[in-house]
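Colleague: Chain by chain, the residues run as shown.
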Amino acid sequence: MAGISFELRRVLRKGTITAIVEAFGYSLALSSGPYIITILSLIVSSLLYYRYSGDALSITRFQVSVTYLIALSLIYSGFGQLVFTRYVADRIFEREYYRLMPNLLGLLTIFMASAFLISLPLSIYFFAREAGYSYALIFSLTFTVLVGLWLVNIVLVGLKRYKFILLSFALAYLTFFLIGYVLSSFGLNGLMVAFFLSQSLLFLMLLAYFIYNNLSDRIIEFDFLNKERVFVSLIFVGFFYNLAIWIDKFVFWFNTATSTPVLGPLRYSIVYDIPMFLAYLAIAPGMSALFIKIEVEFSYWYQRYYDAIINGLSLRKIYNYGDELIESGRSALFEIARVQGIFNIVLILFEKPIFTLFNIPFIYIPLFHVLLFGTFFQLLLISVISMLFYFDRRKETLITVFVFFVLNFLLSYASIKLGPYFYGYGFVISAFISFLVALILLRRFLHGIHYYTFMFV
Amino acid sequence: MVILDKNEHVDVLIIAEGTYPYIRGGVSSWIHDLISNLPELNFGVVFLGSRREDYGEIKYKLPENLVYLITAYLFQDVEKPKAKEIEGNKEAFEIIRKLIYWFKHKGTGDIPVDVLNADFYEKEITYEDFLYSKRSWEIITEFYAEYAMGSPFIDYFWTIRNMHYPLWVVARVVKKIGDRFDIVHSPSTGYAGFLASLLKAYYKKPFILTEHGIYVKERKIDILNADWLKIKGFQLTKGAEEIEHLHKLWINFFFGLGRLIYHSADKIISLFNEARNIQISLGADPQRCIVIPNGVDVKALSPIIEMRGDKPPKVIGLIGRVVPIKDIKTFIKAMKITVEKMPEVQGWIVGPTDEDPEYFEECKNLVEALGLEDKVLFLGFQNVKDILPKIGLLTLTSISEGMPLVVLEGFAAGLPCVATDVGSCRQLIYGGLNEEDIAIGKAGEVVPIANPAELARAYVRILGDEDLWREYQKNAIRRVNTFYTKELFLENYRRIYSEAKGWRV
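Taken in order, these protein sequences are the chains called A and B.
Here this note's numbering is used: the first residue of the first sequence is 1, the next is one more, and so on.
Here this note's numbering is used: the first residue of the second sequence is 458, the next is one more, and so on.
It is worth saying that the hints were derived from the structure and are not from the lab.
Any given hint might turn out to be false.
Said to hold, decoys possible - Straight line, CA to CA, 16 Å or less: simulated EDC-like cross-link-like pairs of lysine to aspartate or glutamate:
1. A:Lys163 - A:Glu295
2. B:Lys541 - B:Glu603
3. A:Lys395 - B:Asp636
4. B:Lys768 - B:Asp924
5. B:Lys793 - B:Asp754
6. B:Lys539 - A:Glu295
7. B:Lys958 - B:Glu599
8. B:Lys771 - B:Asp723
9. B:Lys541 - A:Glu295
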């Protein structure tokens with residue numbers, strides 16, 4: 001489905017405002033659809049179930065459980081996400097299609113089995129006394145399924161199967177609403193079972209889709225562990241990236257000054273969590289711009305540059321295409337920043353009516369403003385990281401995400417020590433500095449792009 | 458890799474590029490003969506191959522006085538170091554820049570001799586510097602812009618890499634060999650000649666260069682069917698002009714290298730006059746250029762004259778491999794014209810047919826198409842001594858030759874020769890070493906290349922006129938006895954080797 005960028009390019013070529021809006025909306029749905037669906041479903045469902053059952057404690061416990069499950073499963077599966085996506089891309093490049101399916105199953109086996117074996121004793125230890133053995137079991141099972149889900153999901157994203165992913169997410173959360181409606185009368189465990197079932201459905205849909213499209217005569221294989229074929233740095237890039245984007249939340253959750261215990265060791269931060277969710281929802285337009293600018297335009301110039309080399313063009317042409325590639329990268333960054341910047345301003349202008357509409361207390365507004373900057377820089381950071389990935393700059397990416405992780409941890413911690421006025425600035429500053437680091441590394445690479453491309457093959 | 462080391466001092470170290478002792482052929486036999494027939498000297502051989510898997514077993518029975526044998530593989534031996542960003546030594550790359558200008562300006566001005574020091578490749582510009590340094594990239598793009606602008610850069614880039622890579626392999630061999638020899642002798646320029654130059658500079662030993670053909674010319678033909686253009690890197694583009702361009706790059710490289718080697722060699726030996734002139738035109742110092750022709754074992758071959766008798770058998774023999782460079786097809790066409798005039802004549806093609814099966818197939822088809830099945834016979838590889846008594850006229854139709862030993866063997870066995878005007882053929886057949894040689898007279902005919910009609914005319918003339926045949930035979934025998942005996946050849950080298958030990962280098 002490389003067709004996506006082709007479709008977008010066709011729409012954009014019309015050059016009209018409606019065409020741009022159309023392309024923008026389309027890519028918004030494809031790029032941010034899944035995470036918007038997830039966040040919104042969780043918020044809306046709790047409102048609905050509250051109306052229906054009135055069991056506020058269960059709903060809070062459920063929400064916090066799910067948040068932890070998503071965070072922990074993303075971090076744990078982070079070890080495998082990028083390294084395996086790369087493995088898939090390499091096998092496709094080498095036309096070893098028959099390896100895709102058996103190795104994905106191999107990967108899932110290792111990750112899901114270990115996820116279950118590690119999480120089960122821990123969740124029994126932490127939750128059994130307070131919430132019962134069945135909760136502990138469901139927690140562990142959901143964690144296991146989510147780990148598998150993120151791995152299949154990122155592989156399909158890598159293969160650009162956006163439409164099917166979007167459809168699956170929509171269907172899974174619809175299922176969640178329906179089952180949750182029925183089971184919500186069973187309290188926390190009922191909601192947990194509903195969530196577990198919906199995520200299992202999502203996981204199986206994506207997996208089945210992948211298997212259906214990559215049939216192979218082998219069932220399971222562990223070729224992706226082959227030393228020759230594994231990029232160790234990508235294991236850590238994936239891990240630290242996911243850890244970095246969650247670490248400030250954990251810092252706020254585990255600091256008694258900013259958090260409330262909910263269930264066993266699980267705590268949540270009433271001051272930080274809601275503005276954070278909102279700030280992440282707010283970067284959807286920027287994500288959409290990123291999608292268009294990087295996946296459609298930048299990738300086009302990227303391809304042109306490397307085609308020029310392989311097709312034996314002269315050095316002058318290669319220099320020209322290189323300049324155009326760099327220019328398209330620069331313009332991508334500016335455009336993404338512009339789109340998100342304008343959106344943020346509009347958002348701030350209309351925030352009171354919006355907050356009122358969703359019944360969110362105005363007390364969150366100051367921190368929401370701060371965090372808007374944080375997610376803004378994180379958006380730019382992601383844009384630069386995507387470009388670094390295009391050029392296969394694994395070392396630079398690793399440096400960036402590691403810096404982000406360390407800063408986000410230290411500065412978030414410091415912000416709590418400094419007091420409520422400083423909440424959120426830890427995240428903002430660390431995202432900003434990491435963005436600059438990534439930008440400097442990218443710039444350094446682009447400065448010698450021809451040298452690196454030829455001499456380091 | 459050291460194959461053989463008897464731990465004895467080496468008098469003469471021979472650098473064999475793609476020849477002795479792993480590949481049979483003219484130069485290999487020449488080396489083998491030289492070593493076997495100078496038993497009073499200890500020899501060493503450095504074999505430079507392309508890749509290990511391209512060679513089989515040793516093809517010769519190694520003589521007793523071959524006391525040292527080492528192999529190095531030009532496109533294989535140095536492990537590619539891990540990629541890392543480096544600057545590169547500014548002064549050292551300045552030297553390379555100078556060197557390239559020296560090549561481009563046909564050797565005027567001072568030669569940057571640093572590049573002949575083996576340490577240069579370990580200290581100034583390491584293999585890593587060459588592969589990864591920014592200065593290396595700068596110089597590649599700079600010369601591309603100057604000399605190759607507009608051609609496919611990726612091909613240029615990989616060609617530059619592939620042609621220079623062996624220099625580091627060669628430089629490492631220098632230390633491995635050590636100071637165990639008195640004289641270094643390279644039977645070609647190219648990478649072998651480069652190694653010899655490094656050895657000379659590093660251990661301060663005399664360097665003798667013998668060129669059998671002209672390396673650059675032979676490389677030209679090699680490159681035309683070369684797979685080794687694609688050894689590493691991207692798939693190269695294949696347009697005709699683009700390939701043409703890459704050939705030029707290789708040829709210029711070998712010309713430059715050749716110039717450097719000529720500069721470094723103390724004696725530059727060619728097999729015939731024409732070759733000496735070419736060497737001089739390519740930059741060799743005339744003072745150092747001498748001619749030492751090959752010799753044949755006349756005593757062993759002369760009984761064949763009696764065996765044949767004084768009537769020539771109506772058989773024309775072409776002794777050589779069935780490959781395009783020998784232009785067998787022209788011989789077949791010439792035979793067609795010949796048998797129309799003299800139906801009793803047969804043409805025998807004596808030599809291995811397995812080197813280029815496709816060409817062999819084409820030749821057979823041509824024989825069939827011309828209806829010559831019982832006139833032109835492919836006899837495959839045969840012992841020359843068994844064949845020479847049965848033929849009446851020797852021929853060579855090659856488009857390129859150095860000094861074909863078979864012509865001299867034919868002379869020794871009392872056979873006139875009709876050959877194309879390539880390499881030393883004119884000198885051998887008409888005489889050309891000196892006045893005395895010319896005075897001996899013709900020992901056959903020389904005709905233009907790719908000209909079946911001329912060839913046929915010469916065949917018919919010689920085979921149809923027994924007096925003429927006997928006259929040519931007499932001249933042939935006299936010429937080979939006077940100038941081209943193995944004794945004379947060995948005596949020349951014995952003298953040069955003993956003189957060389959006294960040269961100041």
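Colleague: Taking the hints in turn, state whether each one holds.
Modeller: Checked hints:
For a cut-off of 16 Å, the pair hint linking Lys163 of chain A to Glu295 of chain A stands: about 15 Å separates their Cα positions. A threshold of 16 Å between alpha carbons decides the hint, and for Lys541 of chain B with Glu603 of chain B the separation of about 28 Å lies outside it, so the pair is violated. About 46 Å separates the Cα atoms of Lys395 of chain A and Asp636 of chain B, which puts this hinted pair outside 16 Å; it is violated. Pair hint Lys768 of chain B plus Asp924 of chain B holds up; C-alpha atoms about 10 Å apart against a cutoff of 16 Å.
Distance hint between Lys793 of chain B and Asp754 of chain B is unfulfilled; the C-alpha atoms sit about 34 Å from each other, more than 16 Å. Between the alpha carbons of Lys539 of chain B and Glu295 of chain A the distance comes to roughly 32 Å, so the proposed pair goes past 16 Å and is violated. Restraint check: the Cα-Cα separation between Lys958 of chain B and Glu599 of chain B comes to about 44 Å, which exceeds 16 Å; the hinted pair is violated. With a C-alpha separation of about 48 Å, the suggested pair Lys771 of chain B and Asp723 of chain B falls outside the 16 Å cut-off, and the hint is violated.
Pair hint Lys541 of chain B plus Glu295 of chain A does not hold up; C-alpha atoms about 30 Å apart against a cutoff of 16 Å.
When held up to the earlier numbered hints, the structure conflicts with 2, 3, 5, 6, 7, 8, 9 and fits the remainder.
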